[in-house]
Amino acid sequence: MRKGFSLIEVLVSILILGVFMASFGVGLSHILIADEIEKAESRAINFAEKKLEEYRTAVLSNWYTSFPLSGNFSSEGWTSYIYSLSVNSLNLGDLRQVKVMVWNDENNNNTCDNFESKSILITIISRRK
Amino acid sequence: MRRGQILIAVIFIFAILSLIMGGLIAFWEDSLRSVEAQKTEKQALYLAEGSAEIAVYSVIWLSSPASFTRSGSISDTNFLGKYTVSLIWYSPTFEIISTGEVEVVYTGEVYTYRRSLRLQGSRFGDTSPYTINITLWREE
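From first to last, the protein sequence lines are chains A and B. Start counting the first sequence at 182; every next residue gets the next number (the working numbering). Start counting the second sequence at -6; every next residue gets the next number (the working numbering).
Be aware that a few hints might be false.
The calculated DSSO-like cross-link candidates involving lysine-lysine, where the alpha carbons are at most 30 Å apart (straight line), are [unchecked claim]:
1) 220(A) with 35(B)
2) 280(A) with 35(B)
3) 280(A) with 75(B)
4) 75(B) with 231(A)
5) 220(A) with 280(A)
6) 75(B) with 220(A)
7) 310(A) with 35(B)
To be clear, the hints were calculated from the coordinates, so they are not data collected in a lab.
Produce the complete structure using the sequences and hints provided.
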């Protein structure tokens, strides 16, 4: 018998390599997309926390102070991240349920679309004085 | 070289590579899950803090606050949270125990993250709004 690979061996090796590379590629692309989403959501939750604490500081010193209910984080260098703050009064207005949503506005339409990474923080703040 | 030897070698190498890659992907996914957990735990903590504020409100604004336990849920798009808060009023000292719980669906499975807070303090003053002095604020 002659030395070297038979055609069958080469074809089967290529097939195995192809199946392996394809499945690995699909898995890797899913992981990379998930990684990107997680990073964006993690950044968004940090921004949400920052904005919520700014709001808390403002209303605890003056319950009726005005606070911008939406904006971006250009001061942090992230203009694509937008926040939206909504406040519901509870208990005759002495308790407020505050929701901060931050999203990565990829298409610059100032609206949180389904495909955009977002994070939400919800808490309740009580009037102190 | 014997017939089939190269094929066996190729299969063997790919089996090893598959194991290594599988391990790497599992490790990577684990790290992604831990980021998700951190994020959701933060949401649960803010919910626990928020529910503690319900009790703080009673202590600051009510002349005769009564001990209570209250539960509630907050649902929003991509957010499902539950809270429980207990105020134990000893007059003028108090204890507040609050829990925030947030559910998240990750890769098809539902995970629940829970954070709890215990606050202790005392109240001063003659009329509302009373002044409160928090002596303990602990995550449990």
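Taking the hints in turn, this is what the structure says about them:
1. Only pairs whose Cα atoms come within 30 Å are accepted, and residue 220(A) paired with residue 35(B) is accepted, the gap being roughly 15 Å.
2. Restraint check: the Cα-Cα separation between residue 280(A) and residue 35(B) comes to about 14 Å, which is no more than 30 Å; the hinted pair holds.
3. Restraint check for residue 280(A) and residue 75(B): the C-alpha separation of about 15 Å stays at or below 30 Å, so the hint holds.
4. Straight-line distance between C-alpha atoms of residue 75(B) and residue 231(A) comes to about 23 Å, which keeps the hinted pair within the 30 Å bound.
5. As the CA atoms of residue 220(A) and residue 280(A) are separated by approximately 21 Å, the hinted pair is consistent with the 30 Å bound.
6. Distance hint between residue 75(B) and residue 220(A) is fulfilled; the C-alpha atoms sit about 26 Å from each other, no more than 30 Å.
7. Distance hint between residue 310(A) and residue 35(B) is fulfilled; the C-alpha atoms sit about 27 Å from each other, no more than 30 Å.
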